[in-house]
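Q: Protein chains in written order, with full-length UniProt numbering: chain Y, 1 to 434; chain L, 1 to 434; chain F, 1 to 434; chain B, 1 to 434.
Everything labelled a hint here was simulated from the structure, so no lab data went into it.
Among the hints, a few may not be true.
[Said to hold, decoys possible] Taking lysine-lysine and the PhoX-like style, the derived pairs with C-alpha atoms no more than 20 Å apart in a straight line are:
#  : chain 1 : residue 1 : chain 2 : residue 2
1  : F       : 12        : L       : 210
2  : F       : 339       : F       : 409
3  : L       : 12        : Y       : 318
4  : L       : 404       : L       : 318
5  : Y       : 283       : L       : 262
6  : L       : 210       : L       : 383
7  : B       : 116       : B       : 252
8  : B       : 421       : B       : 409
9  : Y       : 262       : L       : 262
10 : Y       : 113       : Y       : 252
11 : F       : 283       : B       : 262
12 : B       : 135       : B       : 4
13 : F       : 210       : L       : 12
14 : Y       : 159       : Y       : 210
15 : B       : 262       : F       : 262
16 : Y       : 210       : B       : 12
17 : Y       : 12        : B       : 210
18 : F       : 12        : B       : 383
19 : B       : 4         : B       : 210
20 : Y       : 262       : L       : 283
21 : L       : 339       : L       : 318
22 : F       : 409       : F       : 421
23 : Y       : 318       : Y       : 409
24 : Y       : 12        : L       : 318
25 : B       : 154       : F       : 318
26 : F       : 262       : B       : 283
27 : L       : 404       : L       : 326
28 : B       : 318       : B       : 409
29 : F       : 262       : F       : 116
Everything numeric in this text was worked out from a predicted model, so none of it was measured.
This is what each chain is made of:
4 protein chains.
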Amino acid sequence: MTYKNEQLHEEKVFKDPVHAYVHVRDRVIWDLIATPEFQRLRRIKQLGTTNITFHGAEHSRFNHSLGVYEIVRRIIYNFQGRPHWNNDQRLLCMCAALLHDLGHGPFSHSFEKVFKLDHEYFTQQIILGDTYVNKVLERVSPGFAQEVADVIAKTHSDKLVVSLISSQIDADRMDYLLRDAYYTGVSYGHFDMERILRVMRPIEDQVVIKSSGMHAVEDYIMSRYQMYWQVYFHPVTRSAEVILTKILHRAKQLYESNYQFKLQPTHFLTFFSGDVSLEEYLKLDESVVHYYFQLWQEEEDEILRDLCERFMNRRLFKYVEFNPNKQIGDLMRLIQLFKDAGIDSDYYLVVDSSSDLPYDFYRPGEEEERLPIHLVMPNGTLKELSRHSDIVEAISGKKRTDHKLYFPKDMIYAIQDEEIKQDIIGILFSKERI
Amino acid sequence: MTYKNEQLHEEKVFKDPVHAYVHVRDRVIWDLIATPEFQRLRRIKQLGTTNITFHGAEHSRFNHSLGVYEIVRRIIYNFQGRPHWNNDQRLLCMCAALLHDLGHGPFSHSFEKVFKLDHEYFTQQIILGDTYVNKVLERVSPGFAQEVADVIAKTHSDKLVVSLISSQIDADRMDYLLRDAYYTGVSYGHFDMERILRVMRPIEDQVVIKSSGMHAVEDYIMSRYQMYWQVYFHPVTRSAEVILTKILHRAKQLYESNYQFKLQPTHFLTFFSGDVSLEEYLKLDESVVHYYFQLWQEEEDEILRDLCERFMNRRLFKYVEFNPNKQIGDLMRLIQLFKDAGIDSDYYLVVDSSSDLPYDFYRPGEEEERLPIHLVMPNGTLKELSRHSDIVEAISGKKRTDHKLYFPKDMIYAIQDEEIKQDIIGILFSKERI
Amino acid sequence: MTYKNEQLHEEKVFKDPVHAYVHVRDRVIWDLIATPEFQRLRRIKQLGTTNITFHGAEHSRFNHSLGVYEIVRRIIYNFQGRPHWNNDQRLLCMCAALLHDLGHGPFSHSFEKVFKLDHEYFTQQIILGDTYVNKVLERVSPGFAQEVADVIAKTHSDKLVVSLISSQIDADRMDYLLRDAYYTGVSYGHFDMERILRVMRPIEDQVVIKSSGMHAVEDYIMSRYQMYWQVYFHPVTRSAEVILTKILHRAKQLYESNYQFKLQPTHFLTFFSGDVSLEEYLKLDESVVHYYFQLWQEEEDEILRDLCERFMNRRLFKYVEFNPNKQIGDLMRLIQLFKDAGIDSDYYLVVDSSSDLPYDFYRPGEEEERLPIHLVMPNGTLKELSRHSDIVEAISGKKRTDHKLYFPKDMIYAIQDEEIKQDIIGILFSKERI
Amino acid sequence: MTYKNEQLHEEKVFKDPVHAYVHVRDRVIWDLIATPEFQRLRRIKQLGTTNITFHGAEHSRFNHSLGVYEIVRRIIYNFQGRPHWNNDQRLLCMCAALLHDLGHGPFSHSFEKVFKLDHEYFTQQIILGDTYVNKVLERVSPGFAQEVADVIAKTHSDKLVVSLISSQIDADRMDYLLRDAYYTGVSYGHFDMERILRVMRPIEDQVVIKSSGMHAVEDYIMSRYQMYWQVYFHPVTRSAEVILTKILHRAKQLYESNYQFKLQPTHFLTFFSGDVSLEEYLKLDESVVHYYFQLWQEEEDEILRDLCERFMNRRLFKYVEFNPNKQIGDLMRLIQLFKDAGIDSDYYLVVDSSSDLPYDFYRPGEEEERLPIHLVMPNGTLKELSRHSDIVEAISGKKRTDHKLYFPKDMIYAIQDEEIKQDIIGILFSKERI
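Go ahead and model the full structure; you've got the sequences and the hints to work with.
A: This is how it looks when you write it as structure tokens:
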């Protein structure tokens with residue numbers, strides 16, 4: 001028996017509130033979970049700042065990664081013996097599922113934006129670099145790590161395997177919807193995953209859905225839609241995100257202007273300079289970020305200090321609806337008024353936009369090509385989902401965007417100059433904004 | 001309208017996975033939640049190292065504190081208009097419920113043990129000291145903070161109020177059982193809280209239970225029993241706890257022996273010296289601990305480095321059953337053998353004992369006097385629970401203790417001297433230990 | 001204290017799997033539940049033949065009626081003290097909620113169709129006639145029964161009260177979606193009712209929804225849509241319904257042709273003759289129907305016997321898709337072929353159509369005027385739901401209809417004449433029907 | 001491929017609220033479910049009169065039987081490949097599981113008591129007699145029906161197979177606890193079945209439990225205990241049961257005294273005469289019983305009429321605690337007083353006793369020998385559960401009995417003779433009865 005096929009002496013299970021149990025029989029999977037790079041995901045929250053709004057959402061990416069693995073394990077279990085399914089790809093699928101989020105850092109969204117990083121790049125680095133994860137994978141067979149990396153990068157030649165991990169109805173999305181709904185406690189996000197797993201069928205280049213399961217898929221897409229607007233894009237969460245982003249900006253700017261930090265921000269230096277090594281990247285977990293933000297509450301720089309204090313103690317920015325097409329003049333005015341009042345609008349007046357495309361059919365050549373979901377009809381033909389489902393057709397390809405303008409209400413009310421203050425308040429609040 | 005009675009313009013709710021919603025109408029409660037001292041609880045896990053075993057258990061003390069508040073709010077709501085209930089105590093009860101865990105630090109159990117701290121002392125300090133929390137409470141009325149502190153300390157003269165917060169069936173216990181069961185995903189820990197709330201009755205000096213609700217209380221006590229043995233005392237969790245404790249011991253010892261840390265452990269200094277100020281205490285959250293443990297993975301000292309690496313990457317100690325009455329000789333032998341092998345048994349051979357008393361009736365004069373649960377019978381008389389319930393009687397007052405011996409299996413198997421190695425292995429594993 | 005205001009000595013509760021508890025404090029409600037006319041609802045299934053497909057769906061209309069009452073009780077509880085809400089209408093709302101389905105008989109849909117009955121007419125009769133229910137209501141105040149009847153008939157002058165009981169988001173619909181989902185076990189049908197109750201607001205002539213709760217309402221409408229297509233219109237359930245309808249037709253036809261039943265079908269006589277008295281109507285519960293169907297399995301008449309045997313033992317008709325616009329020729333051919341084969345196509349070849357309109361805005365003058373759901377915006381204006389929700393807009397007013405052709409496959413395969421048999425099979429199965 | 005091994009073209013599933021899905025792959029199972037004898041179980045409630053107290057408990061024995069089958073299917077799935085497990089017994093186990101309750105009639109408990117019947121006898125008859133079920137079983141192989149019957153009767157030589165179906169932790173009990181808890185909505189009755197299934201191990205003559213799963217078994221035993229006292233023995237349910245039993249007694253007595261029923265009670269005649277054929281037995285479902293009870297509400301005999309009216313309209317008897325050791329004198333007095341008041345105490349004064357033994361170890365020679373639950377320890381030895389579990393030890397072998405005295409309160413308050421009335425009331429209510 002090779003390492004590739006090695007089974008644990010006895011099946012191990014993790015108690016999981018979403019899938020009841022996560023089952024591990026393969027030595028490879030067990031060993032991957034035990035690597036420091038994978039254990040590190042325990043110190044990175046799945047939903048970043050969402051717990052500021054939904055206090056239950058404190059679960060980590062470790063939690064989610066196990067869940068994605070478990071779903072893929074169950075899908076493959078159902079696939080065994082079916083035409084088109086090559087069971088030699090079993091371990092590849094499960095490893096890719098387990099490791100797909102490995103490159104995430106803390107508060108990825110903000111860090112990637114400010115420091116021009118890409119978690120997918122780091123996922124590749126961790127899998128292919130000098131890491132424990134790489135060693136485990138290469139023990140399977142030379143080149144296996146590269147295969148796993150290719151599946152995650154969607155460049156692997158086996159399109160069926162890729163679609164298991166990345167499609168509009170993949171194990172990743174199914175797990176995060178169910179898991180995030182569970183931890184936040186919202187009633188959206190539920191759908192009949194067991195049913196979807198039962199109607200998934202492998203064909204040569206993708207996973208398709210038996211048409212009798214269409215309604216379960218509709219339900220899944222609606223769940224996704226609701227979770228985006230009710231949870232992921234919640235305006236209060238975005239307020240914390242806005243502040244976080246501004247903290248990173250400020251720290252970088254201070255660094256670039258040779259500001260003397262009370263304690264040298266060692267962990268951040270390569271992020272500031274734009275030359276992050278894998279080793280440095282792996283050290284930066286959420287604890288480290290919190291540690292610095294706590295320190296920075298006592299920094300000399302007033303803006304950095306204030307923003308950190310806001311973030312750590314949840315003194316968030318308020319927001320109003322903002323229409324970028326009609327209100328650009330208002331925004332210009334506000335920037336001037338902030339300047340007059342001595343408030344730095346770069347940090348204290350922020351337009352944030354969120355947008356989501358709940359489902360789309362294939363539009364070749366567009367920025368991000370999305371593989372559509374195909375139903376397989378009783379007569380064996382394929383049909384793109386939105387052509388069969390009224391509900392999905394109705395929302396298909398419709399991007400919805402929400403713009404908000406964020407600002408510190410307390411600072412504005414504290415402006416000494418009564419006229420400036422009233423002008424700002426007038427612009428922000430007195431209009432009919434619905 | 002005074003601050004004491006001030007209601008929010010509109011009721012605020014927190015979505016909570018356990019209680020559906022946490023409702024806040026009182027300005028005082030809202031303001032307490034917004035204080036930095038309370039927000040800090042977001043950065044302290046409710047169950048310390050339990051997430052090492054049950055990955056779902058990543059919820060914070062913030063989460064739990066809101067839950068306890070909500071339960072007390074509902075109890076009081078039911079009490080309104082009942083004899084013996086003085087609704088003037090409403091705000092006092094709710095504040096005490098919300099703040100009862102305020103003094104917890106990260107991994108309280110280990111920190112308290114190593115540094116001789118007491119979270120209850122710090123709860124008092126935070127409520128009575130120069131804090132945001134104190135300011136909010138004193139705005140209610142001068143002396144109100146002291147009242148809240150007294151309720152939490154169980155010294156308040158209103159015994160009914162005290163028993164709401166601290167008894168063998170209080171809001172604290174009900175919340176943590178339900179919440180910890182929810183986040184870990186175990187099926188133990190569930191009981192019909194709504195039913196218990198419906199059968200609670202205030203009398204002059206305590207909360208009692210209508211006898212028709214006895215079975216729900218039995219179920220609650222069984223849940224508690226199961227959660228202790230299945231979750232809280234899980235041997236793998238205790239392994240992480242053992243390592244954590246040893247890290248703190250080692251760091252303290254190094255400090256005392258004037259070891260030069262690569263980075264001065266500023267946050268820990270007063271803990272080492274035994275003179276922790278409130279300000280220092282409040283700064284030490286879980287992020288800070290993790291930050292240092294990460295740094296210490298690169299320390300010169302081999303023991304500190306190894307233990308931190310184990311803790312952060314989940315390379316835990318293994319364990320065997322240990323009977324302190326019969327096996328003290330084995331333990332002595334092992335200590336000698338470890339010494340011979342060059343392994344410091346102070347850090348690498350640890351007996352850990354857990355014990356629980358699921359319920360007890362009143363035993364005056366004993367170490368910790370426990371208030372029994374009283375049933376109120378149809379004819380109005382009181383009856384102590386264990387006299388009416390066979391199940392409770394069966395487990396009442398029976399302390400159960402579990403002893404385990406922890407050690408690093410990998411180190412032992414790496415011992416060069418084959419004889420010593422086999423001797424150690426022989427003692428640890430070859431006996432029938434069941 | 002009058003009977004109208006009389007409270008029970010102690011609140012009574014019913015344990016309910018959907019709402020946890022149903023709470024009763026009012027003597028009037030308690031007395032209504034105890035009437036024989038209301039207890040009779042225990043012997044009528046909420047979902048008629050659905051348990052043939054979803055075996056869990058065995059719950060009764062009694063079950064559902066308590067649930068609707070409970071929801072209205074909670075809505076009213078939230079309304080207390082709000083502008084536009086007249087708490088004098090409290091008891092009226094709760095009685096109407098409890099009694100709104102009182103006139104349902106067993107398998108209402110089929111009975112109403114075959115015997116030209118109307119359960120709403122009987123609801124009125126029971127409330128206004130010489131019944132226990134009427135006596136209880138008239139004790140509240142003379143004319144109160146008429147008021148309750150008017151609310152249920154939607155003719156009451158208080159439009160706000162009417163909209164609580166009958167609208168596109170009323171207590172009836174919320175209860176049946178949640179309840180039917182619970183008992184069938186499907187994952188559709190769930191939505192956050194607690195949230196919807198929190199955002200309901202009374203205005204002068206209707207209940208409206210705070211716009212911040214729009215997503216919960218979207219979720220409710222999607223649940224409704226899914227339950228209709230996944231559960232209520234399930235083709236297997238409809239097969240049982242088709243057979244049931246044909247049994248009633250056959251029995252009526254036999255009666256009209258002076259057929260001698262082995263046992264005189266006493267309970268059915270007035271149904272056959274079209275002159276059902278209230279007393280007769282109340283006697284006909286599901287047990288009685290089952291009793292006769294069991295007897296009729298031993299009748300002389302072959303068709304009645306066969307259909308009853310099919311219904312009782314679940315030997316259902318099979319079905320194929322049927323397009324009434326394109327396939328009328330096929331249907332004509334089949335009727336002729338059935339005749340040739342000696343099978344009575346009146347009973348053994350049935351087109352069944354189901355259609356649903358998940359939500360509609362107001363279209364004055366149309367057959368059934370539906371009151372739209374209105375959102376109340378932050379600035380106080382009202383906005384019709386589909387104008388604010390993309391999802392609802394997408395499905396608003398879109399009636400979807402499904403046609404199926406039902407037949408006994410076993411009978412067809414048993415046709416002796418091979419040519420006729422193959423012709424029938426050819427028409428039914430050989431086409432591409434997707 | 002023989003019928004025995006024949007698999008369905010595609011797996012069929014039943015949506016089940018308790019087990020999510022019931023899976024059927026074997027043609028034999030599918031055919032058994034389709035038999036009229038099995039479909040008949042849809043018309044027999046699992047919990048008889050319990051829905052009078054817990055309105056949700058309207059589920060049928062059909063429902064439960066599918067559940068037991070599904071649990072056995074899962075257990076066997078886990079057993080595959082394990083030592084001691086002979087997979088040839090697979091179909092035998094599943095058939096026995098599915099059919100174990102086949103002989104139940106409506107309200108079995110009362111019918112068996114009054115008419116001296118035994119549902120186990122009828123289960124044997126249905127399996128071995130001239131039935132559809134028998135035909136399906138005999139197609140598997142000649143003698144297979146007898147094997148199934150032997151497993152259910154616990155006389156089969158394969159003790160391992162028997163213990164899967166009938167032991168103190170069998171599939172039957174696990175399903176009914178979970179299912180009855182689900183439908184009633186009570187929070188008792190939940191335990192971690194998935195965990196128990198994972199720790200079940202086949203040995204030569206029984207199913208044992210890995211000791212690491214002991215706590216899950218404790219939880220199961222406590223659930224059973226709570227369900228008995230909270231649900232199954234609920235005094236209100238027993239009141240309905242008492243009345244039902246008295247109806248049957250009265251009807252039998254009238255029959256024996258040649259009373260002329262308005263409609264000849266055809267279905268009951270052989271029950272009255274004590275000579276029930278299988279054919280007659282199968283016809284008597286709950287609908288038929290309800291049909292007669294409705295008719296009997298219009299009978300001449302006052303007692304029969306009154307009792308039926310009480311049963312159908314839920315006008316139940318009230319109850320008080322009764323101590324048969326101390327209160328036999330009171331009972332004698334009451335009987336005399338009832339006689340004086342002209343109330344037939346045979347029908348209107350009933351002592352009802354319920355008792356339960358939550359778990360017992362093996363006591364050879366006792367009335368009903370119960371097989372104990374054995375744990376298998378890490379070293380492979382077996383240990384009886386109560387020797388390892390404090391909780392189980394505490395309740396093991398302790399029979400608990402509850403006695404109540406039932407009577408129609410309304411009749412007593414309607415007694416004309418004031419002295420007799422007060423005497424009765426005095427005995428029933430004025431004592432301290434707690």
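Q: Next step is simple, just say for each hint if it's right about the structure.
A: Evaluated hints:
As the CA atoms of residue 12 of chain F and residue 210 of chain L are separated by approximately 15 Å, the hinted pair is consistent with the 20 Å bound. The hinted pair formed by residue 339 of chain F and residue 409 of chain F meets the criterion: a straight-line CA distance of about 16 Å does not exceed 20 Å. Distance check on the hinted pair: residue 12 of chain L and residue 318 of chain Y sit about 16 Å apart at the alpha-carbon level, within 20 Å; holds. Our distance criterion of 20 Å between C-alpha atoms is met by residue 404 of chain L and residue 318 of chain L, whose separation comes to about 10 Å.
Pair hint residue 283 of chain Y plus residue 262 of chain L holds up; C-alpha atoms about 17 Å apart against a cutoff of 20 Å. Proximity of residue 210 of chain L to residue 383 of chain L is assessed by CA-CA distance (about 10 Å); at most 20 Å being required, the pair is judged to hold. This hinted pair checks out: residue 116 of chain B and residue 252 of chain B have alpha carbons roughly 12 Å apart, not beyond 20 Å. Our distance criterion of 20 Å between C-alpha atoms is met by residue 421 of chain B and residue 409 of chain B, whose separation comes to about 11 Å.
Restraint check: the Cα-Cα separation between residue 262 of chain Y and residue 262 of chain L comes to about 17 Å, which is no more than 20 Å; the hinted pair holds. For a cut-off of 20 Å, the pair hint linking residue 113 of chain Y to residue 252 of chain Y stands: about 13 Å separates their Cα positions. Between residue 283 of chain F and residue 262 of chain B the alpha-carbon distance is near 17 Å, which keeps this suggested pair within the 20 Å criterion. Distance restraint check for residue 135 of chain B and residue 4 of chain B: the Cα-Cα separation of roughly 13 Å lies within the 20 Å cut-off, and the hinted pair is therefore satisfied.
With a C-alpha separation of about 15 Å, the suggested pairing of residue 210 of chain F with residue 12 of chain L holds against the 20 Å cut-off. Between residue 159 of chain Y and residue 210 of chain Y, the direct Cα distance comes to roughly 19 Å. Compliance with the 20 Å bound is thereby established for this hinted pair. Between residue 262 of chain B and residue 262 of chain F the alpha-carbon distance is near 17 Å, which keeps this suggested pair within the 20 Å criterion. The hinted pair formed by residue 210 of chain Y and residue 12 of chain B meets the criterion: a straight-line CA distance of about 15 Å does not exceed 20 Å.
A C-alpha spacing of about 15 Å is found between residue 12 of chain Y and residue 210 of chain B, which places the hinted pair at or below 20 Å, so the restraint holds. This hinted pair does not check out: residue 12 of chain F and residue 383 of chain B have alpha carbons roughly 47 Å apart, beyond 20 Å. Our distance criterion of 20 Å between C-alpha atoms is broken by residue 4 of chain B and residue 210 of chain B, whose separation comes to about 32 Å. Between residue 262 of chain Y and residue 283 of chain L the alpha-carbon distance is near 17 Å, which keeps this suggested pair within the 20 Å criterion.
Between the alpha carbons of residue 339 of chain L and residue 318 of chain L the distance comes to roughly 19 Å, so the proposed pair stays at or under 20 Å and holds. Between the alpha carbons of residue 409 of chain F and residue 421 of chain F the distance comes to roughly 11 Å, so the proposed pair stays at or under 20 Å and holds. A distance of roughly 6 Å separates the Cα atoms of residue 318 of chain Y and residue 409 of chain Y; the hinted pair therefore holds under the 20 Å criterion. At most 20 Å may separate the alpha-carbon atoms for a hinted pair to count; residue 12 of chain Y and residue 318 of chain L meet this at roughly 16 Å.
For the suggested pair residue 154 of chain B and residue 318 of chain F, the alpha carbons sit about 40 Å apart, so the restraint of at most 20 Å is broken. Distance restraint check for residue 262 of chain F and residue 283 of chain B: the Cα-Cα separation of roughly 17 Å lies within the 20 Å cut-off, and the hinted pair is therefore satisfied. For the given pair, residue 404 of chain L sits about 13 Å from residue 326 of chain L by alpha-carbon distance, which is consistent with the 20 Å threshold. For the proposed pair residue 318 of chain B and residue 409 of chain B, the alpha carbon gap of about 6 Å is at most 20 Å, so the pair holds.
A distance of roughly 26 Å separates the Cα atoms of residue 262 of chain F and residue 116 of chain F; the hinted pair therefore is violated under the 20 Å criterion.
In summary, the structure is inconsistent with hints 18, 19, 25, 29 from the numbered list given earlier, while agreeing with the others.
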